[in-house]
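Protein sequence lines, in the order shown, are assigned to chains Z and V.
Note that our numbering numbers the first sequence so that position 218 is 218, with each residue one more than the last.
Note that our numbering numbers the second sequence so that position 3 is 3, with each residue one more than the last.
The hints are simulated quantities; they were obtained by calculation from the structure and are not laboratory data.
Errors might be hidden in some of the hints.
[What the hints assert, rightly or not] Here are the computed lysine-lysine pairs in the DSSO-like style, where the Cα-Cα straight-line distance is at most 30 Å:
1. V:Lys12 to Z:Lys23
2. Z:Lys36 to Z:Lys238
3. V:Lys44 to Z:Lys187
4. Z:Lys187 to Z:Lys36
5. Z:Lys238 to V:Lys12
6. V:Lys12 to Z:Lys261
7. V:Lys44 to Z:Lys238
8. V:Lys264 to Z:Lys187
9. V:Lys264 to Z:Lys36
10. Z:Lys36 to V:Lys12
11. V:Lys44 to Z:Lys96
12. V:Lys264 to V:Lys12
13. Z:Lys23 to V:Lys265
14. Z:Lys96 to Z:Lys36
15. Z:Lys23 to V:Lys44
16. V:Lys175 to Z:Lys238
17. Z:Lys187 to V:Lys175
18. V:Lys264 to Z:Lys23
19. Z:Lys36 to Z:Lys23
20. V:Lys44 to V:Lys175
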Amino acid sequence: MLKYHHMAEVVLQTQGLSKEFTKRRGLSSPLHMFDKVTFTAVRGVDLTVGRGEVFGLLGPNGAGKTTLTKMLCTLLLPSRGSATICGYDLVRQQGKIKSSVALISSEERSFYWRLSGRENLKFFAALYGLSAERAYQRIPEVLELVGMTDAAARRFQEYSTGMKQRMALARGLLGDPEIFFMDEPTKGLDPVATHQLHDFIRDRLVSDGKTVVLATHHLAEAEEVCDRVGVMYGGEMKACGPIRELAGDATLAEYFLSLVKESQVDH
Amino acid sequence: MLFLRKPMAFLKKDFLMEVSYRFSFVLQFASIFFSVVMFYFVAKLLGEAPSVQNALRQYGGSYFSFVLIGIAFSNFLSVGLGSFSTSIRGEQMMGTLEAMLVTPTGLSNIILSSSQWNFMFTSLRVGVYLLFGALLFGLDLSSANVLPALVALALTVIAFSSLGIISASFIMIFKRGDPIAWVLSTSSTLLGGVYYPISILPGWLQGISYLFPITYSLDAIRLSLLQGAGFLAVGHDLIALIVFSIVTLPVSLLVFRYAVRRAKKDGSLSYY
């Protein structure tokens with residue numbers, strides 16, 4: 001297991017990264033309908049992740065994991081703070097960052113359901129900037145890697161949840177990115193498919209020098225695959241480090257619950 | 001040819017999606033046929049009236065030819081105004097927009113490319129309108145001057161698309177209820193000379209009709225296709241369309257850039 005203090009090369013670094021959403025009160029409060037309300041989804045996150053590391057982002061629902069992940073994938077602009085990914089600035093060099101990262105979520109509707117798995121991959125390969133020749137080579141490779149070669153000609157709508165998730169992984173692999181952001185990738189997967197995904201992360205991605213940032217609220221999953229974890233609550237990073245150092249003699253679940261309870265009292 | 005790879009991928013994807021709904025694909029052409037038949041009979045009813053012939057003299061006097069070209073080419077108005085916002089909203093609702101936005105393909109490229117199929121399909125629809133009209137109902141295109149008509153069409157697409165991009169910016173922020181496309185589409189159809197020549201409108205309405213690019217587009221296309229008019233004869237229409245595009249295209253791109261930034265700030269890029 002990789003330890004954070006032995007980090008060979010930093011591929012992701014954030015400093016005071018924050019995201020606030022502002023909206024008007026609207027008709028729910030007619031007397032103050034034009035007053036602005038600000039909600040802080042991510043507050044001052046400092047984070048460093050090294051190459052080849054599997055970093056777990058833990059936290060209950062609404063903790064800010066998805067917002068942080070979306071910011072790091074350039075889907076959201078940060079309100080404050082800064083971040084670099086593979087040495088590129090998160091705000092100023094979004095194009096370079098997009099070539100270096102992949103987002104794999106549990107969102108099944110991010111594919112064209114009436115097209116086949118292969119047709120979907122061909123389309124996204126073009127968007128990832130692969131030439132026709134490169135896509136011709138790469139698509140069978142990624143299908144083979146995720147075990148979807150035989151089902152590639154079937155329409156996406158015919159796939160099981162596990163197959164859809166494998167296609168999401170295949171799409172993420174197309175551009176050969178450095179960092180894989182996975183947002184609850186095992187949601188809805190059965191134990192076998194979950195185990196296969198964990199094996200894939202360890203045996204294929206990490207062994208190939210790739211970095212994985214895994215947002216999850218499955219603590220067993222974090223224990224199984226993560227080198228380090230960060231625990232988020234109310235948009236803040238409450239703790240960050242290797243599981244054994246954080247939890248000590250307790251289990252990760254015990255540590256997590258006590259930290260969340262502590263955070264609830266603070267809030 | 002690498003720069004064409006992304007637009008071609010969108011075109012192929014949209015074509016495959018369209019033909020996967022086979023019945024709807026065929027039905028669209030059937031509806032064109034019925035529309036042509038309907039206006040053929042309306043034209044028969046009106047065709048002999050001297051006032052109609054008088055009003056349409058500059059286009060050759062046939063109401064059927066006049067209205068068929070009006071309906072066929074006003075399709076470009078609808079697609080130019082609506083296709084960018086429809087594409088964005090479609091991808092938002094399907095859930096595919098976010099997946100595209102994490103790729104190294106810019107949003108402008110995504111939106112322009114995802115509208116291509118609509119323009120191509122509209123060209124096909126316009127061709128079918130003219131084909132039905134010519135083969136079955138005596139539409140006379142024997143003296144057509146195609147090149148000025150094509151130039152007018154290209155300028156029309158640019159002019160309408162600029163307005164469509166502004167409309168898409170609105171959808172990006174407010175998601176639904178875009179008033180821009182509605183106002184422009186309704187006013188253009190009412191005042192732009194789709195179903196009747198603008199010469200029959202009261203003077204003050206005629207003045208307003210010259211604010212809409214469709215007035216110049218349809219005038220140039222009708223004169224070229226029905227009367228064989230050359231570049232010189234439709235020059236004033238082409239210049240008006242060029243001026244319109246020069247003003248609206250940069251404005252639309254600026255508005256669009258603002259809308260994207262705001263949606264990224266609000267986190268509402270993929271909401272619908």
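Going through the hints against the structure:
1. Between V:Lys12 and Z:Lys23 the alpha-carbon distance is near 39 Å, which puts this suggested pair outside the 30 Å criterion.
2. This hinted pair checks out: Z:Lys36 and Z:Lys238 have alpha carbons roughly 28 Å apart, not beyond 30 Å.
3. The straight-line distance between the Cα atoms of V:Lys44 and Z:Lys187 is roughly 64 Å, outside the 30 Å bound, and the hint therefore fails.
4. Among the hinted pairs, Z:Lys187 with Z:Lys36 is inconsistent with the structure: their alpha-carbon atoms are about 35 Å apart, more than 30 Å.
5. A hinted pair counts as satisfied when its Cα atoms are at most 30 Å apart, and Z:Lys238 with V:Lys12 does not qualify at roughly 48 Å.
6. Using a Cα cut-off of 30 Å, the hinted pair V:Lys12 and Z:Lys261 is violated, with the two alpha carbons roughly 53 Å apart.
7. Restraint check: the Cα-Cα separation between V:Lys44 and Z:Lys238 comes to about 79 Å, which exceeds 30 Å; the hinted pair is violated.
8. As the CA atoms of V:Lys264 and Z:Lys187 are separated by approximately 26 Å, the hinted pair is consistent with the 30 Å bound.
9. With a CA separation close to 18 Å, the supplied pair V:Lys264 and Z:Lys36 stays within the 30 Å bound.
10. Under the criterion of a C-alpha separation no larger than 30 Å, the hint pairing Z:Lys36 with V:Lys12 is inconsistent with the structure, at around 44 Å.
11. About 63 Å separates the Cα atoms of V:Lys44 and Z:Lys96, which puts this hinted pair outside 30 Å; it is violated.
12. Using a Cα cut-off of 30 Å, the hinted pair V:Lys264 and V:Lys12 holds, with the two alpha carbons roughly 28 Å apart.
13. The suggested pairing of Z:Lys23 with V:Lys265 holds, with an alpha-carbon distance near 11 Å, which does not exceed 30 Å.
14. With a CA separation close to 34 Å, the supplied pair Z:Lys96 and Z:Lys36 exceeds the 30 Å bound.
15. The straight-line distance between the Cα atoms of Z:Lys23 and V:Lys44 is roughly 58 Å, outside the 30 Å bound, and the hint therefore fails.
16. Between V:Lys175 and Z:Lys238, the direct Cα distance comes to roughly 36 Å. Violation of the 30 Å bound is thereby established for this hinted pair.
17. Among the hinted pairs, Z:Lys187 with V:Lys175 is consistent with the structure: their alpha-carbon atoms are about 29 Å apart, no more than 30 Å.
18. Distance hint between V:Lys264 and Z:Lys23 is fulfilled; the C-alpha atoms sit about 14 Å from each other, no more than 30 Å.
19. A distance of roughly 5 Å separates the Cα atoms of Z:Lys36 and Z:Lys23; the hinted pair therefore holds under the 30 Å criterion.
20. Using a Cα cut-off of 30 Å, the hinted pair V:Lys44 and V:Lys175 is violated, with the two alpha carbons roughly 44 Å apart.
The structure fails to meet hints 1, 3, 4, 5, 6, 7, 10, 11, 14, 15, 16, 20 from the earlier list, while all remaining hints are met.
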